[in-house]
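Q: Okay, here's what each chain looks like letter by letter:
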Amino acid sequence: MALMASKAEFTEDQGAKGTALRVTGRLTLSNLGDLPQRLDAFDGPIGQIDISAVERVDTVGAWILHQFSGRTGAQIVGASDEAKRLVALVSQADADVRVRPEPVNPVVRVVTEVGDATMIALRTLLGLVAFFGAILIASWDIIRNPRRLRINAIVHRFELVGVKALGIIGLMSFLIGIVIAQQGAVQLQQFGAEALTVNLVGRITTRELGVLMTAIMVAGRSGSAFAAQIGTMKLTEEIDAMRTIGVSPIEALVIPRMMAAVIMMPLLGFYATLVSIFGGGLFCWVSLEIPPITFVQRLQEVIPLTDLWVGLIKAPVFGAIIALSGCFQGMQVEGNAEEVGLRTTSAVVQAIFLVIVLDAFFAVFFSQIGWI
Amino acid sequence: MDLNAPIAIKVRGICNHFGDQVIHDGVDLDVRNGEILGVVGGSGTGKSVLMRTIIGLQRPSAGEIEIFGEPMTDEENEAQLDLRRRWGVMFQGGALFSTLTVAENVQVPLREFYPNLGQKLLDEIAAYKVVMAGLPANAAAKYPSELSGGMRKRAGLARALALDPRLLFLDEPTAGLDPISAAGFDALTKDLSKSLGLTVFLITHDLDTLHATCDRVAVLADHKVVAVGTIPELLATDHPWIQAYFNGPRGRAAQSAVDRHMAKGA
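From first to last, the protein sequence lines stand for chains V and R.
Mapping the first sequence onto our numbering, position 173 (from 1) lands on 174, and the numbers just tick up by one.
Mapping the second sequence onto our numbering, position 55 (from 1) lands on 530, and the numbers just tick up by one.
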């Protein structure tokens, strides 16, 4: 057992050549104990340091001896061949090494970081616009030459973005429908107006929440996947390989994802709206005793058709934003695998942020044109 | 090489498989104390898997491993932990922690096993290990992403040497290095193993490394170790893979480079 082995110790001897230190035990990393601190605290003239009684030395022990003899000028005597070799080895490796990065003035650092962050934000915005331009150019090429559209890739993306998301989006919307109905009913009951729960559920899901929650889910599910896939392909030089073969990565990778998101978002959003209304209706039936047939009739009366348009017009725009930021961040990956993770996170954050900002604009816009 | 040197690593009857794919089927291997053992084999013969099995990252489906006479088990007890600090491992890409500087990387095992070491001593240890691994003095404060591939490997070596291990595992130390850095790394391996009394388990594809550093070479083929010995001993066997490996065009080139070197030295 390492703990049972003899600990490194030292004693002071007053000899003919002044004070001598006698070190005993094992001068190894696991048996050092507090020897380094005590040796550091040791002051006074030392003639020699006798290590003839030391059982074993490793490089750490040798380093401590080397340091001590360097500081006090003591001579190392009684060293075994191994100890001599190790001391020689560590003294060769004794260089002026800076272990920590240069400290930076905190004020300067804060200013630098703010500046860097601003530059990165501006550059990202510029890059995003440029990327959008590249997509428009590629789309124009495809419109002029429709055979270059990659139908297979697009259909495959439809499945990944749309069909495979049905389960999770359905469950989420169902629960959201119930929560809105339940929370709304509690408040409206105070006015004896619980029948208005139908209006609340119907209008808020068709206008806002159906599409917005779907967009957040698609950003988390597919936007992140776009960034991670394209980012990994960038790292493994697949994208460079494509370019050298003459395949445009925008055409082969970005356009199919973009189209999938733009086409799938309205469908998923509509589906989410229906499921939310179903969940809300179920709650109204069970808890407020509004029978389903009445619920549907009331829905028809209170939801204007423009509400549906408000939702469905926003959906493809949100889809485009999600695909744009996912693919853009993926294409920005450079260097190492860590970057893929960072870029994936930024893709999702950027997509959700932009979706919500745009949603606010849409809300004002639709109110202004009288679609209330 | 001392034939009667005690055995550092004793591997008996190791079997490993991934699903239906058999990697090892009864691997036996002895690594003697103080030697540099090269492990070669075609791609996919399980060199790295063997190393991972020995250091306990991969549980074998059968077989036993003894290190310095103590059996390796899955238990997380004091004895196993004690065993663990007696070896250092350098992974292929260096496997440095990317959020830490090189010096901090070297200090990780020290802090983990010896939490009572003072910061000053920790810094000094990291500094001399970094220099010992052949890195320039200004590399200690850098992050792994600021280093070249060769420097990253040296930093990985510095971390592997942090606890003054008796046993060093190197996984393809020269892969991806230019010939000059590779030769430098070979010389470093040999120097350190001699001056620190290290036993080295070295996985490589590099014929020059084998000739330059290894005392013995173990050949993995057909799911087991088919031969162990010095290079002349291996050349005397008639296993087809060994013949193709050492007597192929690259094998001959490496051999003649050694011969030329010897002739010049004589």
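Simulated from the structure, these hints should not be mistaken for laboratory data.
Be aware that one or more of the hints could be misleading.
Claimed, not checked - Partner residues aside, some chain R positions facing chain V, computed with beta carbon under 7 Å:
| no. | residue |
| --- | --- |
| 1 | G568 |
| 2 | A570 |
| 3 | L575 |
| 4 | D598 |
| 5 | Y603 |
| 6 | V606 |
| 7 | M607 |
| 8 | D666 |
| 9 | S668 |
| 10 | S670 |
Model, not experiment: these values are computed from the prediction.
Glycine included, every Cβ here is placed at the ideal spot set by N, Cα and C.
Q: Each hint needs a verdict: does it hold in this structure or not?
A: Structure-based check of each hint:
no. : hint : verdict
1   : G568 : 10 Å, violated
2   : A570 : 12 Å, violated
3   : L575 : 11 Å, violated
4   : D598 : 5 Å, holds
5   : Y603 : 4 Å, holds
6   : V606 : 4 Å, holds
7   : M607 : 4 Å, holds
8   : D666 : 9 Å, violated
9   : S668 : 12 Å, violated
10  : S670 : 5 Å, holds
Going through the hint list in order, the structure does not satisfy hints 1, 2, 3, 8 and 9.
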